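A.B. asks: Sequence:
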Amino acid sequence: MLLRPRPAPLHLSSRPLVGVAVALALGVIAGTRVTDVWVWGVVILAAVLGVLAHRLVTRRNLVTLRNAVMAGAVGMVAMSVGGLRMAVWTTPPPDSIAHVAQDASSLDDAPPVTLWARISEVPATSEWSHRFAVEVDSVAQDDLGGTASGRVQVSLARTSYSDTPPVYPALRLGDRVRLTGQLRTLPTRRNPADFDYGAFLSHLGIGATLHIRDGEAVTFLAPTRQLDDRLALAVQTRVRKAVARFVPHPESQSVLLALLLADRSQLNDATTDTFRETGLMHLLAVSGLHVFLVGLAVFVLLGPLLTRTGLRRRHVMWTRAMISLGLLAVYVLVTGASVSVVRAFVMAAILIVGTALDRRRDTLNALGAAAIVLLVLRPAALFEVGFQLSFSAVAALVTLSPHLTQAVPVAWRSGAVGKWVTSSCVASLAATLGTAPVLLVHFGRVALGGLVLNLPAIPLTGLTLGSGIGTVVCAPIPWLAETFGALASASGWALVQTSTLGAEAFGSAAVVGFLEDGWIIAALAMLLLSGALWRRPVARRRVGLAALAMMAVSISSSVLRGDASPQLEVVFLDVGQGDATLIGLPNGTHVLIDAGVRSPFSDQGERTVVPHLERYGVRQLEAVVMTHADADHIGGVPSVLRSVPVGRLVHNGQSKDTSLWTHLMQTADSLEVEQQIVRAGDVLDFDPSVRIRVLGPSTTPQPGENANEASVVLLVEYGHTRWLLTGDAEQAGEADLVSRYGLLLQADVVKVGHHGSRTSSSPELVAAVSGRAAAPIRLASASHSSDGPDYAIVSVGKRNRYGLPNAEPLMRWQSAGAEVLQTADEGAIWLRSDGTSIERVDWR
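Numbering-wise (the numbering used here), the sequence shown opens with residue 165 and increments by one.
Quick caveat, the hints were computed from the structure, so don't treat them as lab data.
Take the hints with a grain of salt, since some may be wrong.
[Claimed, not checked] List time: in silico EDC-like cross-link candidates among lysine to aspartate or glutamate, alpha-carbon distance up to 16 Å:
| hint | residue 1 | residue 2 |
| --- | --- | --- |
| 1 | Lys962 | Glu990 |
| 2 | Lys405 | Glu646 |
| 3 | Lys962 | Asp989 |
[Claimed, not checked] Per label pair, the in silico range of CB-to-CB distance:
| hint | residue 1 | residue 2 | range |
| --- | --- | --- | --- |
| 4 | Arg1004 | Val585 | 49 to 57 Å |
| 5 | Arg402 | Thr311 | 32 to 40 Å |
| 6 | Asp306 | Thr527 | 54 to 62 Å |
| 7 | Leu209 | Arg704 | 37 to 45 Å |
Treat the numbers as computed from the prediction; the structure is a model and nothing was measured.
Cβ atoms here follow ideal geometry from the backbone N, Cα and C, with glycine treated the same way.
Model the full structure from these sequences, guided by the hints.
C.D. replies: In structure tokens, the structure reads:
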């Protein structure tokens, strides 16, 4: 009877590099908290002294814990190295360009900064800019200058304030340039659902950004002299010329450039979206599939050729290994040395060298070696989604695939076709399971269409890549290159069609929802580990119980925090120079007040509001309230209407003769969104526990009247807490409010009118909101405090051209006892109330 082979032992010595990699990663995480380099040096010294002391004490003992002590010491050293590397990574040197950027960003009217630098990556072009990173060596500002170090992300705007767009010199990898522009620190995340671009750049070792709008501010000084840059540039140029010449279909050309050079800038948005919706995006990222196809194909093909030369077997093996590794190293340089490519290169190198040495190779050990190399070179890579996806996918393929294959009936996996279908399906399922937690944390979506579509898509990707390589290699032989080009064009077109048709059939097949609870994330990881330990019942049971315990901790923590209790949540989103406020009611419904501005460069509804709704699971809005028809308040509304179902559109009834207003009304009509015109005295009933009173305008405004004075003003009351949202009301509108309502205007939170303009926040209004005004009407709750508002929120853009907010109204609110918070400084401001008190949510 055939017996299953015994699984590899669990002790650390079976796969030591995995243990070292895990310890190194834990050290990197700890290094983000402990940034003192000397601390990690002390830990390393303690580990070494501990081992020496143990050896000294137990040198005459027959039985010792020497192996366990040594393993613990190695783990401590690895962890300390990780912490040390991360501490050094996050601590800029004295001459770092980050210090210059910090000084420049602290000034509102900082003079331009000039950098002398070398372009360190291939410039990428988007709709609005050219972007690339540079290595800086010198800097000058005004009459001061000196040496500097570090990397800077440069953005060359493709549009300007004049009618003539700027013209920049042609720039290539390695070129030495002089750049003059606005130097800034790395951007911070402005809203809870925003992509943290600053953290992304920091992980890449970039310390500042430089923004340029003038073509004359960019000067080409000299071409690159570095051999690696020149080699990468020559190969890239050859590839682009061959693809453009011999691949007839434009869309196949863009796919080939993504596969060969990791350049996805030529792909149109529709194609990219279909690959993302179907879970096939990994096929367009240069990764292990591409590296192994290039490296191992060369390694295999060289065998018969070198054998015929009469060389000894050992020489043949090493010659094959060196040539294959050399070509792979060039490929890594050409594709930009991304995390997945470097990981695949290290693993391929271990496989090839192990084959040359006739040594046993363990895939997980090779994966651990790749992680060690990457984390030592660039420790911040641990926090990048590419690193997490790449390593989780390979780990899942190695550990889960054998058990999933055993679960498939033998009859289904017999024969060549059955084996291929089974292995493909199992690999897709294992990779999907392994990467699911990472995808849910970062993107909130796991596409399931790839489970089916990978069957045709992976072979098509291999065929496209292989024929693309043949096209480039055979470019000197036109008829052969044309043959390969035609094949690449056909297979590339078929790959795009697979994603397009797959999006129509399986685009909605996905697991949706963001993971934020650390205990749940850890529990999912433990469940995956229990699957990897399926043939070890005891270990599997222990890991499974640990996962259940983590879930129990998550649930109990949520109960203790009161997450399930009714709460009112108000988020003042940072939409630049505009307004957008999302109210989450205790019954789970949501109301949006305004949606920011839309301009030729940005739609805040699409860019900020909709992503926030998606991230926090807001599937529909009870209403969208438009305080008035100015573009900085309603610009993003059409995008919101198209993205989520909206119960009704609430506004003051004042139309505006603009294309934006016309487009908004047409969008609402086409979607059959009910419209409700409100004025003072109305009540918006969305939740029995929350009263939303309409305080203004007192009459329906006519076209041509001051839109700001006709703003819809709302008073939200929940328990003993009150929130006054004034839109863009100015002095006349505020005077009407004070005369009509008096102390009814008392509030704990006030949204400061008109972005903090001098024409708003009159002394009378501030006094009424603070409960210190004599008034003809006294309808305020008797239990409400008269100590003034807790918060005064100013929704305003940073460095806006209007010079807002004005200091005078801000001083009034501060004198009334309010904490004044500006979205320009704070980003989004998130407040939460249980009906008794109001607390600020630290969403960062």
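A.B. asks: Please check whether Arg1004 and Val585 have a Cβ separation lying inside 49 to 57 Å.
C.D. replies: Holds, since Arg1004 and Val585 (Cβ atoms, about 55 Å apart) stay within the stated range.
A.B. asks: Return holds or violated for the Cβ distance of Arg402 and Thr311 against the range 32 to 40 Å.
C.D. replies: holds, 36 Å
A.B. asks: Between Lys962 and Glu990, does the CA-CA distance stay at or below 16 Å?
C.D. replies: holds, 10 Å
A.B. asks: Go ahead and decide if the range 37 to 45 Å is satisfied by the Cβ distance of Leu209 to Arg704.
C.D. replies: holds, 39 Å
A.B. asks: Going straight from one Cα to the other, do Lys962 and Asp989 come out at no more than 16 Å?
C.D. replies: With a Cα-Cα distance of about 7 Å, the restraint between Lys962 and Asp989 holds, given a limit of 16 Å.
A.B. asks: Given a hint of 54 to 62 Å, does the C-beta separation of Asp306 and Thr527 actually sit inside it?
C.D. replies: holds, 57 Å
A.B. asks: Within 16 Å, alpha carbon to alpha carbon, are Lys405 and Glu646?
C.D. replies: Roughly 13 Å between the alpha carbons, so the hint for Lys405 and Glu646 holds.
In the structure shown, no violation is registered for any of the earlier numbered hints.
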